[in-house]
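These protein sequence lines are chains S and E, in that order.
Once you know that position 170 of the first sequence is 170 in the working numbering, the rest is easy, because the numbers rise by one and skip nothing.
Once you know that position 88 of the second sequence is 88 in the working numbering, the rest is easy, because the numbers rise by one and skip nothing.
Hints are computed from structural coordinates only; laboratory data are not their basis.
Note that the structure is predicted; figures quoted are calculated from it, not measured.
Accuracy of the hints is not assured; some may be wrong.
Not everything, but these chain E residues come out facing chain S in the computed CB check (under 7 angstroms) [stated by the list, open to error]:
(1) L4
(2) V97
(3) L98
(4) V105
(5) T111
(6) I115
(7) V118
(8) L122
(9) P147
(10) L165
(11) T168
(12) G186
(13) G193
(14) P195
Straight-line Cα separation of at most 27 angstroms, DSSO-like style, residue types lysine-lysine; simulated pairs [said to hold, decoys possible]:
(15) E:K150 <-> S:K4
(16) E:K177 <-> E:K150
(17) S:K4 <-> E:K177
Built from N, CA and C at the ideal position, the CB exists for glycine as well.
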Amino acid sequence: MRSKDIALVALFAAIMVVLGLVPLIELPLVPAPFTAQTLGVMLAGSILGARRGGLAILLFVVLVVIGLPVLPGGRGGIGVILGPTGGFVLAYPVGAFVTGLITEWLWRRYNLAAALLANAVGGALVLYVIGVPWMSVSAGLPLGKAITGSVVFLPGDLAKVIIASLTAVTVRRAYPLVKPA
Amino acid sequence: MLSLYHEARSPVHRSPAGAKLAVLLAVGTGLFFVRSIAALGAVLLVVALCYAVAKVPARVGLRQLRPVLPVLIAIVIAQLVLTGWVTAVLVGQRVLVLVALANLVTLTTRTSAMIDTVEAVLRPLRPLGVRPERVGLLVALTIRFVPVLKEQADQVRAAHRARGLRGTRFLTPLLIKTLRLADGLGSAIEARGGPD
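The task is simple: from the sequences and hints, build the whole structure.
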């Protein structure tokens, strides 16, 4: 890894922390899990590519594990990881990596449609595929019920996929970083 | 950025981070085989005792537990409806033990000790090109730049608000500023002899 990559990885991990501090859209009745941070997962993959994006978000998870309050509401520590929603946090780096892979694959003809595909698969689908079974085991719930329970988060995630994709397309125009795969 | 570490002098604080994490891993795995409310209740009492030995006040311990409560309540209610009160209590106890014990490790272990442990865990991956010694540098850089980027985010948002723009449009300028910052930071690391 070159020095520039070290800088990008560290700064995107910091962006992830900042996204947890900035109230993006405030919904008064919805509890903590509505977080802007999955937006950071998608943006890291879309802007930095698979390897650097995945590492940036992995670094963010390391910050959580070592006990820094970097999740929304000042949460952090191993307790969050081992709790029922910990699978989602552990899935973040994988999600960023997958978003990056698809982005690299479509880089030559990257447009809003490509961005939507990359972010929906990496930034939403991957998180559900890892996070929901984790919750099912941790909470002793049948998988079907856990899936039903997660449906409430779909509209929010859909909105974040769209926001991340619009942002990724604009940033690429100003500052293309991902090399063609 | 403050760490969640709670300063005190206790045998729990003095124990090596690796040992505490090993205990956590063992208890976490073992918990899934216990199917008795009384036994899990006893484990909960032992965990509470560990908090007392670690000299972590109840106030601090409970503050760390609060974020998991909404999820915990939702799970217990779902279990009550789907299976019955025995499973509901068992699952509630299990989540509580696991999260409380994990929080205790976080509360009694310094960030630096945790970073050392992360590096030690990564060491066997060195043949795959993993450089564990870089974890410390990366963590330090990230912590250093959180306030800088927070400031930038606030500035861009204020500028947008002044022009009547709302929502998430601040992200694009924030990210472009960040990528420019990375250019400078990369050169600065290079000028000091690179990341190693």
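Quick rundown of the hints versus the structure:
1. Taking 7 angstroms as the C-beta contact cut-off toward chain S, the hint placing L4 of chain E at the interface holds, the least distance being around 5 angstroms.
2. Taking 7 angstroms as the C-beta contact cut-off toward chain S, the hint placing V97 of chain E at the interface is violated, the least distance being around 10 angstroms.
3. Checking L98 of chain E against chain S: minimum C-beta separation of about 5 angstroms stays under 7 angstroms; hint holds.
4. For V105 of chain E, the suggested interface contact is upheld, since its CB lies about 6 angstroms from the closest CB of chain S, less than 7 angstroms.
5. The interface hint given for T111 of chain E is met, as the beta carbon of that residue sits about 5 angstroms from the closest beta carbon of chain S, less than 7 angstroms.
6. Here the hint on I115 of chain E is kept, as its CB sits about 6 angstroms from the closest CB of chain S, short of 7 angstroms.
7. Because the beta carbon of V118 of chain E sits about 6 angstroms from the nearest beta carbon in chain S, less than 7 angstroms, this interface hint is met.
8. Interface hint at L122 of chain E: violated, since its Cβ lies 10 angstroms from the closest Cβ of chain S, which is beyond the 7 angstroms cut-off.
9. For P147 of chain E, the interface hint is violated, since its Cβ never comes within 7 angstroms of a Cβ in chain S; the closest pair sits about 9 angstroms apart.
10. Among the interface hints, the one on L165 of chain E is violated; its C-beta lies about 14 angstroms from the nearest C-beta in chain S, farther than the 7 angstroms criterion.
11. Against a cut-off of 7 angstroms between C-beta atoms, the interface hint on T168 of chain E holds, since the closest Cβ of chain S lies about 5 angstroms away.
12. For G186 of chain E, the interface hint holds, the least distance from its beta-carbon to any beta-carbon of chain S being 3 angstroms, beneath 7 angstroms.
13. Residue-level restraint check for G193 of chain E is violated (minimum Cβ-Cβ distance to chain S is 10 angstroms; threshold 7 angstroms).
14. With 7 angstroms as the threshold, the beta carbon of P195 of chain E comes within range of chain S, its nearest partner Cβ sitting at about 5 angstroms, so the hint holds.
15. This hinted pair checks out: K150 of chain E and K4 of chain S have alpha carbons roughly 21 angstroms apart, not beyond 27 angstroms.
16. Taking the CA atoms of K177 of chain E and K150 of chain E, the gap is about 12 angstroms. The hint holds against a cut of 27 angstroms.
17. Between K4 of chain S and K177 of chain E the alpha-carbon distance is near 15 angstroms, which keeps this suggested pair within the 27 angstroms criterion.
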